[in-house]
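Need the complex rebuilt from these two chains, each delivered in its own frame; the hints are there to steer you.
Here is what each chain is made of, one letter per residue.
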Amino acid sequence: MRPINDLIQKRLFMASMIVTVIFGLLFFRLWTLQVVARDEYVNLSNNNRIRTVTTSAPRGNIYDRSGLLLANNLPTLAVTVDYQEINNEEMLAELAKILNMKLAAVRERVNDKKYAPFYPRIVKQGISKETASYIKENSSNLPGVDITTNFYRNYPKLSLAPHVIGYIGEISQEELAFSEALTHTSGDLIGKSGIEGEYEEILCGTKGIKQFEIDRTGSITHMLDEREPVAGNHVQLTIDSALQSATESSLKSAVMAARANGYPDANGGAAIVLNPNNGEILALASYPTYDQTLFVRGMTSREWESLNAKGSGYPLFNRAVMASYAPASVFKPVTYVAGLSDGVVSAKDSFLCEGTWLGMGEMWPKNCWRKEGHGETGFTAGLKDSCDVVFYEVGYRLYKRGGERLQHWSRKFGFGKATGVDLPSEVIGRVPDRKWKKETHEDLEEQKWLPGDTVNLAIGQGDLLTSPLQVADLYAAIANDGLIWKPHVVSKVFTPEGDEIRTAKRKKLADIDISKDVLDGLKKGLVSVIKEGTASNAFAGFPVPVAGKTGTSEVKGRDDFAWFACFAPVNNPKYVVVVMVEEGGHGGSIAAPAARRILSTAFNVSSVGPVSVSDDSR
Amino acid sequence: MRNRVYLNWFNYINRGLIFTVLAIMLFGNLMVYSATHVYDNPYQFLQKQLVFSFLGLAVAVGFMFFDYNRLRQFIVPFYVLNIFLLIVVFFIGKDVYGSTRWIPLGFFNLQPSELAKLVLIITFGEFLADRKGDIKEVKDWLIVAAHVGVPMFLIMLQPDLGTSLVLLAIMLGMLSVSGLRWQQALAIFSIGLSVVFAVLKFGLLHEYQMKRILVFLDPSIDPTGVGYNLKQSKIAIGSGGFLGKGLFSGTQSSLGFLPVRYADFIFSVVAEELGFLGAGAVLLLFLALLIKCISIAKSSGNLFGSLMAIGIGSMWLFQIFVNIGMTMGMMPVTGVPLPFMSYGGSAMMMNMMSVGLLANIYAHRLK
Chain A
-2 MRPINDLIQK RLFMASMIVT VIFGLLFFRL WTLQVVARDE YVNLSNNNRI RTVTTSAPRG
58 NIYDRSGLLL ANNLPTLAVT VDYQEINNEE MLAELAKILN MKLAAVRERV NDKKYAPFYP
118 RIVKQGISKE TASYIKENSS NLPGVDITTN FYRNYPKLSL APHVIGYIGE ISQEELAFSE
178 ALTHTSGDLI GKSGIEGEYE EILCGTKGIK QFEIDRTGSI THMLDEREPV AGNHVQLTID
238 SALQSATESS LKSAVMAARA NGYPDANGGA AIVLNPNNGE ILALASYPTY DQTLFVRGMT
298 SREWESLNAK GSGYPLFNRA VMASYAPASV FKPVTYVAGL SDGVVSAKDS FLCEGTWLGM
358 GEMWPKNCWR KEGHGETGFT AGLKDSCDVV FYEVGYRLYK RGGERLQHWS RKFGFGKATG
418 VDLPSEVIGR VPDRKWKKET HEDLEEQKWL PGDTVNLAIG QGDLLTSPLQ VADLYAAIAN
478 DGLIWKPHVV SKVFTPEGDE IRTAKRKKLA DIDISKDVLD GLKKGLVSVI KEGTASNAFA
538 GFPVPVAGKT GTSEVKGRDD FAWFACFAPV NNPKYVVVVM VEEGGHGGSI AAPAARRILS
598 TAFNVSSVGP VSVSDDSR
Chain B
33 MRNRVYLNWF NYINRGLIFT VLAIMLFGNL MVYSATHVYD NPYQFLQKQL VFSFLGLAVA
93 VGFMFFDYNR LRQFIVPFYV LNIFLLIVVF FIGKDVYGST RWIPLGFFNL QPSELAKLVL
153 IITFGEFLAD RKGDIKEVKD WLIVAAHVGV PMFLIMLQPD LGTSLVLLAI MLGMLSVSGL
213 RWQQALAIFS IGLSVVFAVL KFGLLHEYQM KRILVFLDPS IDPTGVGYNL KQSKIAIGSG
273 GFLGKGLFSG TQSSLGFLPV RYADFIFSVV AEELGFLGAG AVLLLFLALL IKCISIAKSS
333 GNLFGSLMAI GIGSMWLFQI FVNIGMTMGM MPVTGVPLPF MSYGGSAMMM NMMSVGLLAN
393 IYAHRLK
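Protein sequence lines, in the order shown, are assigned to chains A and B.
Counting with my numbering, you get residues -2 to 615 for the letters of the first sequence.
Counting with my numbering, you get residues 33 to 399 for the letters of the second sequence.
Excised from the complex, chain B in its bound form (with noise of 0.2 Å):
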């Protein structure tokens, strides 16, 4: 049967998900170089995003190729060497923008946060699926706040607030679709409400993520900081109206009003650029990335490749939600790249594996 499934290529390619995915990363390095072709060196950006996104697309035809179920075995190496990274990042770790989150590599920056959100689809899903989706003992919740908390804590040090988030999203995606009851659902609810509001009355966060939620609560109240931020980003986006100032016409791109552009605000540089048309075919092409992912889950025969399914497509759904809503004033300004879009190597790459671990998924449907 197996044999049978490995020769058979129309069977085992998921040309919807590559298709999706190879559409939303041509744009994204359409935009990165919109955004950045200002620049005294126009195709610095655009060069380095090409080559990540032709590694990314090695490294996801090598994530399609073995049977996904052997990963179980190294899931104890996977976390240790996880948290090894998130520790060594703050004695070597390069400093950008007032946090630390980069170790140097020489040719490219590894962001070991990036890594961590793939580390724990995959070990979390081992252990959920271990106890067929169902945790009633208390030893076994403590064990799931380790698990996702030793790593969150991590990341939050940093600072990365929003990358932190990301895994608390991908846990409860997981948790939700494997059995999680709706009282459990409640407490966990619960304490994580009492955290963020502890963290807020104790003045955990730093005082730079503090500002960040209360502008959003409040604009008006930092016209030229964060909230000038955010500001220039919805003047982006509506000025672009229905049809878009047109490709490489973005004034609130190319004249410098949009902050990080090419990062974290891209979606601003296409909506400015290509109008409600273009934004709109972006949220479609997302929508359908996933959707992909709810159907990879469905058809899974395995527990194991559902749950990570749903943890990839739990981790993007949040990305998507709270990086475009944040660009369009609906959530706080947090770090939270767009996938397949933002510039930047460690997040490419981390998605093309998390595509390459979809595809495999896919192809190991019937197993």
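With the rest of the complex left out, here is chain A (with noise of 0.2 Å):
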């Protein structure tokens, strides 16, 4: 036996050391691929051999709260070219002779980027039924193209209440990365505004799936599951046609009106009809308004462009819910509630109206809306004539007391916070105080509380902002006693089958302790707003009690927002309604009138009264 040298034993250890550490990547490779990044690959394995064609589900209706169709679908026949047979040019040329369409059309929609690889591509929609019956008989000549059944979303009311239905569009690709739970795919249309986009996932039902294994040629080898779709469920909402027909052509009149009186920069609006009773809102518009069926077959882009303008006036922009604006004199209930109910004044005090109030120093003027003055004024009639030196005074006397009671009162009424409304987009709107305030301005001396800024929210105007429905809620709260229901405007979720499976609860929103004096004293006051107050003129001879309060915001540089908010009747109040004119002037002249007509509808009153009246107050 002959050894064999030392060096190459070393060698030989040198060696068994490489192939370990050669095995040693391996295992490290190996383990990296199959334990470390297992779920990518996971997933990129299926998606090799998992195809899925969907089928859409026809989307639930709308109905109004007596039944009446709002919003359903209408059955459409769609030629589709399998994606398989798109590069089939000869075939392609034969259907767009059928179609009677341009080839290169015909090209353009197969190729059409948005489709997922695998699915069917739409040629056309709409087709008749005899060219359906044409295309099945020749289908030898025609491989891969089938004809199917799609929905389109139909407007039976025509353009009633956009803002609450809202409209449908093709899903956005930011929308598709939120839907993950949801089936929807690319090219999907999904509600995108109102009532069609809150219940999106209610509406929409279950897409039909079809699920195939593909092998590496595409070539199908077996269903892997095949679901029939689901229809979507119907909403009904608390909405009622007729009386949102008089809303919106009741706002639309005042806008017409402003325009006329001289106020031609008048050209949004809003209206709310509320139950105050239980929350449901019966009638809700906003100015400008928009026609959904437009978005229904797509839009062209220049249509699209038109209805979001600079000069446009935003139509899609639900100003009721979605806007905030001062809300001036309607806003003189919070202050009225809050000096009564924290002692500052009481309801005996009178105040010296001389158009001009000096409460914090003749350096610091502030004026009333009227000039010449309102004289001697009790609380109440301050109300009654919207006095402004008396509720200038009220809040200096709020300002003094300190805590920030009036922002205090302003909260408990629902200002600053969203009502929870079902629609989307809510504004919060804002409460100024001292924290606000100091967070927002840069400036040291801007940062300070000052008292005139109390005494410009004890008047609605300065920080304070506020959505139309935030102000329906105001007098909801004091024609129901300090209960607000939260604003709704769907009642019932129900299947296809007609089987209801949610109906809307009233739920409290807030219950606000008032005692029954100061409850008592502010009604009597919005009473005689109607009565022999600034609202006398529009509701003159109307034969049901109302109580109300006009309202004319200031806004730097733009004309005078006109409001008006009122309950009826009043000792057993079943409407709240608020009308709010952009840029239309006075309250009493332009925003009340529109209430009447509003209320003639709804108690079935002959009497509509006129479009405008003139009364100069704020």
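Hints listed in this document are in silico derivations from the structure and should not be mistaken for laboratory results.
Every value quoted in this text rests on a predicted model; they were computed, and no experiment measured them.
One or more hints might be untrue.
To be verified - Calculated lysine-lysine pairs in the DSS-like style (CA-CA distance at most 30 Å, straight line): (1) LYS189(A) <-> LYS204(A); (2) LYS363(A) <-> LYS445(A); (3) LYS330(B) <-> LYS7(A); (4) LYS7(A) <-> LYS164(B); (5) LYS168(B) <-> LYS7(A); (6) LYS7(A) <-> LYS171(B).
Claimed, not checked - Selected chain B positions facing chain A (in silico; Cβ < 10 Å): (7) LEU316; (8) GLY357; (9) GLY361.
All C-beta atoms, glycine included, are put in the ideal place defined by N, C-alpha and C.
This is the structure:
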């Protein structure tokens, strides 16, 4: 036996080291692929082999409170081309001839990037039954061509309540990213605004799914899953179509009247009718308005731009819940309740209005809307004539009391927070206070909360911002002795078979403790506004007792905004009505007449009153 | 002494080696079946592979029962026959996938390049052992270059870059163990590097070979071709996870996403269906096989035997690393089969001859 030399022994030891290192590398790589990155590769593997083709489900209908159809679906016949045949020029040319389309247009449709790979391409929608049967009879010449039934959204009452119902449109990439849980895919139509948007998951139904396993060449090896589409659920609204229609036309008339009365910039407004006993919204209008049917078959980019252009007045914007404004005098009831409840004023107090209030000193005069003054005025009478001096004084006393009591009461009535209405993009508005001012302003001087800030807040001006819906809640609270029900527009959800699966229950939003004396005084004041005050012209001869308040808010550089808010009948309130016209001038002359016309329809009163009256109060 | 060894079977047979090889082969046959059972004739590939496996076993046994030192007498005819076959393949060779590698023998297609590996191991082993593992003269270095260069060149012409690189690996492995100095190793390495550079630079490679190397460097340049294979292989392995999708249940495999899965990508099938456990087991078996090669080289009292064991080990290590590394995206996609597992007759025969030779070296370790 001849032993091999030591050098080779050493080198063989090195060799085993090298082998170990190389296998270590292989093990490490195997571990990263199979254990660390497994999920990613499982995903890729499934993408490889699984193809899902979906069939759309009919969308649920939308009804008004009495069961009148507001939105439904109409079936339409569509021609599709299988993805495997999209380069079959001969067939496409034949199909173009049958559909009376240009070949280039057909090609464009089948090559549309929006289609997920492997999905059938829709070439034309809404073809006639004759064309459909012709295509079916000639299927041997048209490989991969199929006829499917699609649905398109239909609004039978045309453009009634578009801001409540909303519109549908093609799902965007961002929305797609957020809807992982849903079965949405690129190209789907989904609710974009209003009820269509807010109740998308209820209305959209569940798509039918066909899931295949395919091999490398794309041929189907077997079916993994097949599910029929499930139609979406129906939604019933609290909206009363007749009242809605009246509300929309009254609002429009108010805007037109404002323009005719020397306010040429009046071009937007909102109106709400609310049942204070349960929070049901009976009508909700925003002006300008738009035609939802534009969205159904896809609009041109020019049409879309015109709806969002600067001069358009932004018709898609729902001013009743998405916009906030200074409420001006319609806010005065809050100051009224705060002043009496906190004891800085008594109902018997009287104030002297000489047109200017100098409570903060000669240096800081504040004007009443009535330059010549209201003279000796009681606290409650201050509401009737909307005397600013009375409310400046109360505001100032509340300021001196400290503790931001006026803000406290504002928030109690729901200002500065969402009402939670079941409509998208609700604004929360703003109740300005010390903290807010400090955080918002950069300049040290401007960060300070001044007495004038509270004084301005007392008449609903300054930095206060509220949506028309929040104002409606304020008047609902007064009508309902401090109790606010959460406003809502959906009353029921039911299945296509008619089984009710959800019924809106009234939900308490706030229960404000206001003494009966204060409430009685407030109601008396608001009744006097209608009977002999700033809305007396608008409501002359109206047979139902109404309690309300006008408002005219000042916005720097723009015309005044006209407000009116009321409830009726006074002793058993059924309706709260709020009307606001942007740059429409005075509340008493423009907004109040519109509210009267709405109430005329609600109470079926023949006297609708004038479109506008003269009232220069604020 | 010799008679005593022959009579003592316990000492004669390296049971660890036999067990390891049988286990890998069994795994291989099972996976070849799993990779092809969805075909119209589900047993077509398995049957052939089983036949090769049994033939291989017979050949291995045959290679055990003689004194391997007698091979030293035949190295010249071996070498000449090898070169002859590598040339003949160009004249009567069968063209598959654009390269000419096989000589049709009716029942079986002979792949001379497979045989060339073993011939190189034997002839180069004798050459080195003859010089006691130490090469000093320039003349000898020229002989080394020609010894390996001629078959490498012929195989590269087929073209079969992978197999020609196996020859280079065998030579380097054997040289290293026999006493290559680090300066020499550096010189060979730099020459090799400049050759590779020249080949790339002057386009001596076939277009598809260039593409494979470029795709390895950047898989996104060819997502449907070579890059596709690599991507699908990684998907198969990665989606197998720890426990695998189950034997015969690999979707990447059965739905045809994996390319030539019964041959070069057999490891991907194992990893997809049996997961990290199964693929790891295969790696462990291969590791055991290589450690066996080294320990046989160590135990041999004969430099010729040690060098041949190392040559066989180098060949397997290179093939295992390149093949498995390729399926996992660590190596370029070159057509190097996985020993005992990839479908293919010539490779199986050659590998089993190597096993027989190893067993032979072990059996005569005391000589």
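- prompt: Of the hints given before, which are not true for this structure?
  reply: none
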